[in-house]
Amino acid sequence: DQQVKQNSPSLSVQEGRISILNCDYTNSMFDYFLWYKKYPAEGPTFLISISSIKDKNEDGRFTVFLNKSAKHLSLHIVPSQPGDSAVYFCAASGYTGNQFYFGTGTSLTVIP
Amino acid sequence: EAQVTQNPRYLITVTGKKLTVTCSQNMNHEYMSWYRQDPGLGLRQIYYSMNVEVTDKGDVPEGYKVSRKEKRNFPLILESPSPNQTSLYFCASTNRDSLGKLFFGSGTQLSVL
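Chains as they are written, first to last, in this note's numbering: chain A, 1 to 112; chain B, 1001 to 1113.
What the hints contain is simulated information worked out from the structure, not anything from laboratory work.
It cannot be assumed that every hint is accurate.
[Claimed, not checked] Here are the simulated lysine to any residue pairs, SDA-like style, with alpha carbons at most 25 Å apart: (1) A/Lys-54 / B/Arg-1096; (2) B/Lys-1071 / B/Met-1027; (3) B/Lys-1101 / A/Ile-53; (4) A/Lys-68 / B/Ser-1098; (5) A/Lys-37 / B/Ser-1087.
Extracted from the complex, chain B is given alone in its bound form:
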């Protein structure tokens, strides 16, 4: 089954404790990206990657890191999480032929205390 898999689904952590949210897709998509969803703000793009070893900042990259060492994986790293990063996070992927039809993961609800 074609899918984007995020882990974990829920995460509670404390300020400053480094964490990684994993994202993997099995559709051989070149493009992957991360979004956060906050009430009243919709979905905002954090980082995106056009292909392996190519990453770029989205609208709200501060406090986040990403890497794209393999085509299928695109982890989101919070080196020193803060409470304002409490949010619902989505990973998405697509290929160039799909004209932006993103496939989303099920989301990761992160709470930073």
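The following block holds chain A by itself, in its conformation from the complex:
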């Protein structure tokens, strides 16, 4: 059973606009959440993370929001750039940090 879900397989956004990628999870024991970005023929690379004790974390153009009561997190990219076109995976882990659960990914296309 998928514990981390990304319900939008794809998203298209105009360059300069905001991209919002969503992720839902079912396990209330998850303690730490991460976003990874993946280009074709490459492995995923870490993008940004958030601890369950926070509701927002920012890193340049990337902001992750966490709503624990709704078991929902989102990644905002502002402004979106063509180089942001990639597949984005949401991931979660418990306090032990031993196991990581990934969503199915959202393919973002930023149109110049």
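Here the structure of chain A is known, so what remains is to put chain B in place on it, guided by the hints.
Using the frame of chain A, we list chain B on its own:
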């Protein structure tokens, strides 16, 4: 350069023929793990290792073996591959201070005929 190296990048084999996918990291990371990526299923964890000689099952361990005899290496072994193990495989590593920021290899595309 800090990296996780997987070999081979592509592998085509036949059912039942034992194979090993190697994974090596040069960052002195304690933690290493294997994932498979399948369409519509995302990345699923196969096995992980917290340190040398310590391995544990992930979500989908059936049909796979691993070993961690040295800190830098974490090979994935398919003793008798089957077509349902056709997938894209990723090795990843991190250390305890990195709070789960995994470093991934470039992937191994495996086809079992």
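Cross-check of the supplied hints:
1. A/Lys-54 / B/Arg-1096: Since the Cα atoms of A/Lys-54 and B/Arg-1096 sit roughly 20 Å apart, the hinted pair holds (cutoff 25 Å).
2. B/Lys-1071 / B/Met-1027: holds, 10 Å
3. B/Lys-1101 / A/Ile-53: Holds, because 18 Å separates the two Cα atoms, which is no more than 25 Å.
4. A/Lys-68 / B/Ser-1098: Distance ~23 Å between A/Lys-68 and B/Ser-1098 Cα, so the pair holds.
5. A/Lys-37 / B/Ser-1087: holds, 19 Å
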